[in-house]
Amino acid sequence: MRVPDPAEQQLIARCKAGERNAFDELIRQYEKRVYNLAYRLCANYDDAGDITVDTFIRVYQAIGLFRGDANFSTWLFRIVTNVYLDRRKKTRNKVTVSLEEVIELEESSVSRQVESDAPGPEAEAETNERNDVLESAIMTLPDYQRLMVLLYHTEGLSYEEIAEALSLPIGTVKSRLNRARLLLRERLQARRELF
Amino acid sequence: MALAARLEGVRVANMQCEKIEELFSAFIEESVDSAMKLKIDEHLQWCDNCASQLADLRKVWAALGDIPELASPVTLHGDIMRSLDAVIATKDARRQGGFIERLKAAFASNPRAVLAGAAALVLLAAAPLASMHSTEASLTILPSAPVGAVVTYNANASWLSREAGQVQVMVTTAAGQPGTVKVKVELVHNLPDSVYTPVCNSVITMKPGELRVVRLNGANADDLMHYSVLLSTVTHTGKTTGSKSISISAANTMPAP
Numbered sequence: 001m002r003v004p005d006p007a008e009q010q011l012i013a014r015c016k017a018g019e020r021n022a023f024d025e026l027i028r029q030y031e032k033r034v035y036n037l038a039y040r041l042c043a044n045y046d047d048a049g050d051i052t053v054d055t056f057i058r059v060y061q062a063i064g065l066f067r068g069d070a071n072f073s074t075w076l077f078r079i080v081t082n083v084y085l086d087r088r089k090k091t092r093n094k095v096t097v098s099l100e101e102v103i104e105l106e107e108s109s110v111s112r113q114v115e116s117d118a119p120g121p122e123a124e125a126e127t128n129e130r131n132d133v134l135e136s137a138i139m140t141l142p143d144y145q146r147l148m149v150l151l152y153h154t155e156g157l158s159y160e161e162i163a164e165a166l167s168l169p170i171g172t173v174k175s176r177l178n179r180a181r182l183l184l185r186e187r188l189q190a191r192r193e194l195f
Numbered sequence: 001m002a003l004a005a006r007l008e009g010v011r012v013a014n015m016q017c018e019k020i021e022e023l024f025s026a027f028i029e030e031s032v033d034s035a036m037k038l039k040i041d042e043h044l045q046w047c048d049n050c051a052s053q054l055a056d057l058r059k060v061w062a063a064l065g066d067i068p069e070l071a072s073p074v075t076l077h078g079d080i081m082r083s084l085d086a087v088i089a090t091k092d093a094r095r096q097g098g099f100i101e102r103l104k105a106a107f108a109s110n111p112r113a114v115l116a117g118a119a120a121l122v123l124l125a126a127a128p129l130a131s132m133h134s135t136e137a138s139l140t141i142l143p144s145a146p147v148g149a150v151v152t153y154n155a156n157a158s159w160l161s162r163e164a165g166q167v168q169v170m171v172t173t174a175a176g177q178p179g180t181v182k183v184k185v186e187l188v189h190n191l192p193d194s195v196y197t198p199v200c201n202s203v204i205t206m207k208p209g210e211l212r213v214v215r216l217n218g219a220n221a222d223d224l225m226h227y228s229v230l231l232s233t234v235t236h237t238g239k240t241t242g243s244k245s246i247s248i249s250a251a252n253t254m255p256a257p
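Order-wise, the sequence lines are chains E and Y.
Numbered per my numbering, the first sequence finishes at 195, counting up by one with no gaps.
Numbered per my numbering, the second sequence finishes at 257, counting up by one with no gaps.
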């Protein structure tokens, strides 16, 4: 476990005292990371923004309960995870439209046009193809595996921190992460020339 | 027999591969013990499949660490802070409500004690307030000639915010009285020539021992000291009587408990 940063501890103490400016500062420090994790969990820019907002509201409401035993980032990522899972539960029953759905017309048929949440062609061109392929493969992982991969590889949390954030035994975290990596490798086989 | 032995050999080899696969991550991170490391190294020397998988996994592992950070929307911070401010404002409003709820509960259980305590305080809100903040206070008046019943007015006025220009008045009636009583709560503007200009009012019918919160809107928050709250009872013929004025001034105010 990382040694707590005294400056951050002081900032959190100010947040606990209800100082709005302290929250402003804390949010600035973490909003980008929260947004990144949220986006890679839900694969939608708008939803990622909403998850980020909801996460910091929960942080504000629960900061008094943060004891400081764990790293703040571990605690924060646990909240992001909960917000994401709660939202997913709520939207699970929403009617979805299949991209392959065909709309029958009287004389002919056309494929349904669905607006994509993905970045436009210009933004796509800027991103590295390998990263695109890798991120797409990450998106295909089951929720818990995706979460672990992101927390470990992109957020840099240790196995201990992930275990704490997700309330799982460390052995479970290690074995699930190993399975997730193997699954990723398998799904990237078709594009192994990129790696 | 020879075929069975070969099949058994394949089964053992596959089992070994599965077992080795489970240790790939630990092997890459060099967290396996030396005896296990030796076994895996030996296995990799003859098992091309595992060696290839491990090599691929190392590449994926390296790539995972290179995923670039996404740029967050420029409006993100503003969106978060706006939502947070709304939550803070709601919390403040609830805290005010909590104060009233506490008083209501106390009033229900022991109205005399509450009124005696409030009478001893004689207070009303008026301190200049910062935006988004509020101050609460209360005032107890024993009206000289209430109609139909002995009525005790216990008023609590608070500015919810400068923008809102709203005064919150808490009115209570003493318990043990016969029948209901109509109470008029009015916000008036005290002009410099001492003429009261009505801003708004609310007439409520109250039971004995009841507590009601009346919100009066339309005050100019920057001119707080020039407003009063008038409390009076209304007779069955519509006549107003027993009026009491609560001036909003620094002299008769103190912060709420």
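Note that these hints are calculated values from the structure, not bench results.
No residue lacks a Cβ here, since even glycine has one placed at the ideal position from N, Cα and C.
One should not assume that every hint holds.
The following label-pair restraints were derived from C-beta to C-beta distances [to be verified]:
| no. | chain 1 | residue 1 | chain 2 | residue 2 | range |
| --- | --- | --- | --- | --- | --- |
| 1 | Y | N220 | E | S158 | 37 to 43 Å |
| 2 | Y | A55 | E | D24 | 46 to 52 Å |
| 3 | Y | Q45 | E | L65 | 17 to 23 Å |
| 4 | E | Q189 | Y | D41 | 22 to 28 Å |
| 5 | Y | N217 | E | N131 | 27 to 33 Å |
Here is what the structure says about each hint:
1. The supplied range of 37 to 43 Å is broken by Y/N220 and E/S158, whose beta-carbon atoms lie about 58 Å from each other.
2. In this structure the supplied range 46 to 52 Å holds for Y/A55 paired with E/D24, their Cβ-Cβ distance being about 47 Å.
3. Distance hint check for Y/Q45 and E/L65: the Cβ-Cβ separation is about 53 Å, which falls outside the suggested range of 17 to 23 Å.
4. Between E/Q189 and Y/D41 the beta carbons are some 24 Å apart, a value that agrees with the proposed interval 22 to 28 Å.
5. Y/N217 and E/N131 have their C-beta atoms about 56 Å apart, which leaves the hinted 27 to 33 Å range violated.
Violation of the numbered hints given earlier is confined to hints 1, 3, 5; the remaining hints are satisfied by the structure.
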